[in-house]
Amino acid sequence: MRVVDVAAFIGAYPFRHLDRAGSTDWLLSQMDRLHIDRALVGYLPSILHQDPAPGNRVLAKLTASYGDRLAPVPTINPEQPQWQDDVNLALESHASAVRLFPQYQGVDPSGDAMRVAVAAVAVAGLPMVLTVRLEDLRQRHPRDVTSDLTPAAIRGLVRSDDDVRLIVTHADRAFVEEVHFGLTPAEADRILWDISWMWGPPEDDLTRLIETVGRERFVFGTGMPLRVGDTSIAKLDLAEITDDDRRSILGENIERWLISLPSREFPTDA
Amino acid sequence: MLIDVHAHFYTDHSGRADWRQVNRRRLGAGERIGITVHIGSILGTYGHRSPTYLPSLDDVRHANDRMLEIQQVVPGRVYGYCVVNPNYGTAALEEIRRCLDSGMVGVKLGASRRANDVLVDPIAELAGERHVPILHHIWQHRRRDWPGQEASDAAELAVLAQRHPETQFILAHLGGGGAWAHSVRAVEAHRNIWVDLSGSGVDVDMLHMALETLGPGRLLWGTDLTMDTGWGKLRYVESLGLPDDELEMIRFANARRIFPLGEAT
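As they're listed, the protein sequences go chains A and F.
Under the working numbering, the first sequence has 92 at position 104, and the numbering climbs by one with no breaks.
In the working numbering, each residue carries its 1-based index in the second sequence increased by 116.
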């Protein structure tokens, strides 16, 4: 079994200096230390770029030498002209997914442009990675006045098209419950949730969610380089879960999901 | 040895039916992490009868009694902070004396009064006389008032610490929300302020800045409400290649310097 991190980034963070973190080398060193085999990697500077295409090219270049470890996840902005070209480029480059940061890009997460974008990405057979928040609301830069993504927006996107597949990262227990139990089982099956923002003991939110929502819906994510990757491992070490649960979350769920999508060529060892 | 300087426990007055299980889960997870000593508090009734950070006198007395019971049930493994609301003046001081005489090892101040308010001075003075630290709830760079608390930030704690150089203060949960870089810089020059790393925040650069600006000799390990994040941060710090004595400072040695835990610990 391989361990896959669905919530990693490289690049500079627009709102504060990352002293050590942010480079490809740093991320790879942390992945080696934490025994993470592969990461879906976003590009942090893209969160504020109106045109994400140049950033996508940088991301591709920075990860090109590490194709077996780092899977670049390009960003799209449906309010840019010819944004569909960026989806096509993602397909042509065999990207595992694409990203949107609607709250940072100024795209209404419940608006028409967003719905068109997730539908187009779904037609391409790609999942979309959405991040509920990058930082705790309380610690953000005074000019970072973006709100977190809302459960209502996620529910709306999943309902908007039967082919939409979402990987939602940095969500807490309340968020997951509000979305999961607000969807039909078939709709809920089209979302994967990363565990990085879920509380461990003594509240044990992660254990509870695995019991109530099901282990097949959860995937491993760290939030590196902003967040310490060890926390997600510690969360699993402390959760009252089975070895099967752990394997599913660490890698099996995401690999099975990506391989099952129509046009995906997620690299495998097999 | 590993000392968690920022733990919380619950009681039958905490407004949650699973309070026993939560306490048990804390101790159980503590065993898994390798926590030797939990130093904890009970914040009144956590809003059930009076606000968590503005607790009534009755609520803190009840909570402190329950904390003393927990301390006595697992002697040497759990120690308590005496929680008080400075607005109760003399009664708050009497409560601190009662709790310390009964074996508690510190004072916990929430957010009932700003740290630099004169009402806090007698408490700081008493803590200094009794050689116990004050764990002070801090909002890392408070830019406005938030509901339910009269939170202090690090700059206000620094004013209090300057007025009471013989008293040891712990800036609570550097990872507990807010701009941690502001807090680190605000307390850097105040050697009687220690910083606990607890809280749900697990920012990589927070740990590096705390280590580089304050040094391992000023840092305390803790968990607060999320033990997974505490363990994650500990694991990360342990991966940095610090000398053993510096890791021991963070894990337990600094805590042993400022808490009267006794020889057995």
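FYI, nobody ran anything at the bench for these hints, they're computed from the structure.
Small disclaimer: the values here were computed from a predicted structure and weren't measured.
Just so you know, not all the hints are guaranteed correct.
Covered by chain F, according to a simulated footprint, are these stretches of chain A (three or more residues, beta-carbon under 8 Å) [unchecked claim]: (1) 5 to 15; (2) 51 to 64; (3) 215 to 224.
A few chain A residues that don't get close to chain F, going by computed Cβ distances all over 12 Å [stated by the list, open to error]: (4) 1; (5) 45; (6) 98; (7) 129; (8) 199; (9) 203; (10) 212; (11) 228.
Where a beta carbon is used, it is the ideal one built from N, C-alpha and C, also for glycine.
Each hint, compared with the structure:
1. Using a Cβ-Cβ cut-off of 8 Å, 5 residues of the stretch 5 to 15 of chain A lie near chain F, which meets the minimum of three, so the contact claim holds.
2. Check on the stretch 51 to 64 of chain A: 0 of its residues sit with their Cβ under 8 Å from a Cβ of chain F, so the three-residue criterion for coverage is violated.
3. Given as covered by chain F, the stretch 215 to 224 of chain A passes the check, having 9 residues with a CB less than 8 Å from a CB of that chain where 3 are the minimum.
4. At roughly 9 Å, the least C-beta separation between residue 1 of chain A and chain F is not larger than 12 Å, which violates its mark as non-interface.
5. At the 12 Å boundary, the C-beta of residue 45 of chain A stays outside the reach of chain F, the nearest C-beta of that chain being 26 Å off.
6. Look at residue 98 of chain A: its CB is around 27 Å from the nearest CB on chain F, clear of 12 Å, so calling it non-interface holds up.
7. The Cβ of residue 129 of chain A does not lie farther than 12 Å from every Cβ of chain F; its closest approach is about 8 Å, which violates its non-interface assignment.
8. No beta-carbon of chain F comes within 12 Å of the beta-carbon of residue 199 of chain A; the shortest separation is about 14 Å.
9. With a least beta-carbon separation of about 17 Å from chain F, residue 203 of chain A lies farther than 12 Å from that chain, consistent with its non-interface assignment.
10. Not every beta carbon of chain F lies more than 12 Å from that of residue 212 of chain A, the smallest distance being close to 7 Å; the non-interface claim is violated.
11. Taking the minimum C-beta to C-beta distance to chain F, about 9 Å, the non-interface status of residue 228 of chain A is violated against the 12 Å cut.
When the structure is compared with the earlier hints, violations turn up for hints 2, 4, 7, 10, 11 and for no others.
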